[in-house]
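Colleague: So the chains spell out like this:
2 protein chains.
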Amino acid sequence: MNQTIEMLLNHRSVRKFKEEPISEEVIMKLVEAAQMASTSSFIQAYSIIGIKDEQRKRRLAELAGEQNYVAENGHFFVFCADFHRHEIAGEMEAVQVKAAVESAEKMIVGITDATLAAQNCAVAAESLGLGICYIGGIRNNIEEVSKELHLPDHVIPVFGMCVGIPDADPSKKPRLPKEAVYFEETYPDDEFQKEQLEKYNNIISSYYEERTNGERTDRWTEQMVSMLSSVKRKHMKSFLRQKGYGVN
Amino acid sequence: MNQTIEMLLNHRSVRKFKEEPISEEVIMKLVEAAQMASTSSFIQAYSIIGIKDEQRKRRLAELAGEQNYVAENGHFFVFCADFHRHEIAGEMEAVQVKAAVESAEKMIVGITDATLAAQNCAVAAESLGLGICYIGGIRNNIEEVSKELHLPDHVIPVFGMCVGIPDADPSKKPRLPKEAVYFEETYPDDEFQKEQLEKYNNIISSYYEERTNGERTDRWTEQMVSMLSSVKRKHMKSFLRQKGYGVN
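Respectively, the protein sequence lines represent chains L and H.
Here my numbering is used: the first residue of the first sequence is 268, the next is one more, and so on.
Here my numbering is used: the first residue of the second sequence is 268, the next is one more, and so on.
Just chain L, same shape as in the assembly (with noise of 0.2 Å):
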């Protein structure tokens, strides 16, 4: 165990931030280790939106559903997948790339890359003593957060990310099982993983009851299927089609 190790395993989201921006020394470093995370074959398929303007965060945090702590943090990053960068290279070298760029494969390389730079990004705020919290509340309009960032085609942000001095200190919410995500060599039957989601439910049961005064003492099992009871986001296959992912 050391440092970087502890602080990875202390990780909670912060939704409540002092009024103090980060300052653009700390930005820049936030923005040059999110860089030097690794990315497929060398192309950086993503770009990173910092937003200060109080008018434009008040307008995200309502994009995102009413979620205040967007507005109100130390900077506010928006990490988008990118290949809009990949088609002005195009243009300079005269070949036509759109089909590659429009293809399955590359949606997944924009999302993992957008999102392998946010979390190191995240990691490195943690180890200055910040806090993180990721808003995939701005997918709910995410076609008009497109507009408000002035996104071109290619270009779909993936999720936004509050940065700041932490003013609560929120509870570690205890995971899955070890057994019930890592698995060896292959992926087990259904019995053994419906035994442990059973031990879950246990654990995240006496959880809240713990917390809630015996108030809440929902499953694990039980939050998942009401979260997925209905599709959400039902905008998000035309979407994608239309700025131009995984359409091949």
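Pulled a few chain L residues facing chain H out of the computed Cβ check, cut under 7 Å:
hint, residue
1, 307
2, 314
3, 370
4, 382
5, 390
6, 401
7, 416
8, 451
9, 500
In silico SDA-like links for lysine to any residue, alpha-carbon gap of 25 Å or less:
hint, chain 1, residue 1, chain 2, residue 2
10, L, 499, H, 359
11, H, 283, L, 452
12, L, 466, H, 419
13, H, 365, L, 442
14, L, 365, H, 494
15, L, 501, H, 363
16, L, 324, H, 449
17, L, 499, H, 308
18, L, 461, H, 358
19, H, 461, L, 317
20, H, 414, L, 455
21, H, 319, L, 453
22, H, 439, L, 298
23, L, 439, L, 490
24, L, 445, H, 319
25, L, 439, H, 292
26, H, 461, L, 295
27, L, 445, L, 277
28, H, 365, L, 486
29, H, 414, L, 515
30, H, 461, L, 360
31, L, 445, H, 292
32, L, 461, H, 369
33, L, 504, H, 308
34, L, 440, L, 332
Calculated directly from the structure, the hints in this document are not laboratory data.
Glycine included, C-beta positions come from ideal geometry on N, C-alpha and C.
Chain H: place on chain L using the hints.
Modeller: Then chain H, alone, in the frame of chain L:
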């Protein structure tokens, strides 16, 4: 600056490892670190398969395109997007989740969840002095890889990761200029981006020139368009659909 950030900034992919397996204790610590990464709405939509079996590693190395280091390392992980677990939860709670699980939105969630976990694993490994290399190559033959690992529907291998004691000291490749990746408030115009790419082309050309005594002078845009001049991994679109990803 601190040790963690210094380490992030010092990342390079390692493709040659000492013949020494990673201990069980370290593997478990890496998995634990992976699990503590953020996850969309607590959904934990990923699984990790650890491969030790020499013959399976050889087969995966072949399927990934004859990459020796897939077989020769301290440990090999495969990170999968996984909603099969949520289907089991659906059975346990007697709620239909298939439509939601097969939405384009959840495809994004699965890929990002797997990637967040993976990058935490990578950072934890590097903090212990180990080297890592992501293996997107397992997507070359993604259907055969899935069969090899007995992956059911709604589970897709996103990438592999070699971990081990480095037996090489690869050079650090310069990333895109910060100005070409990080934008304030809104996405920039093409003219600005073109200037950045021209600047970067010079950096990359010099990088290769120095390292090869003038034999290689590739521009980055040249490398990119050569890679993107045709569609690779054409099977991906139908594979995703067949596995129940991005259907709705």
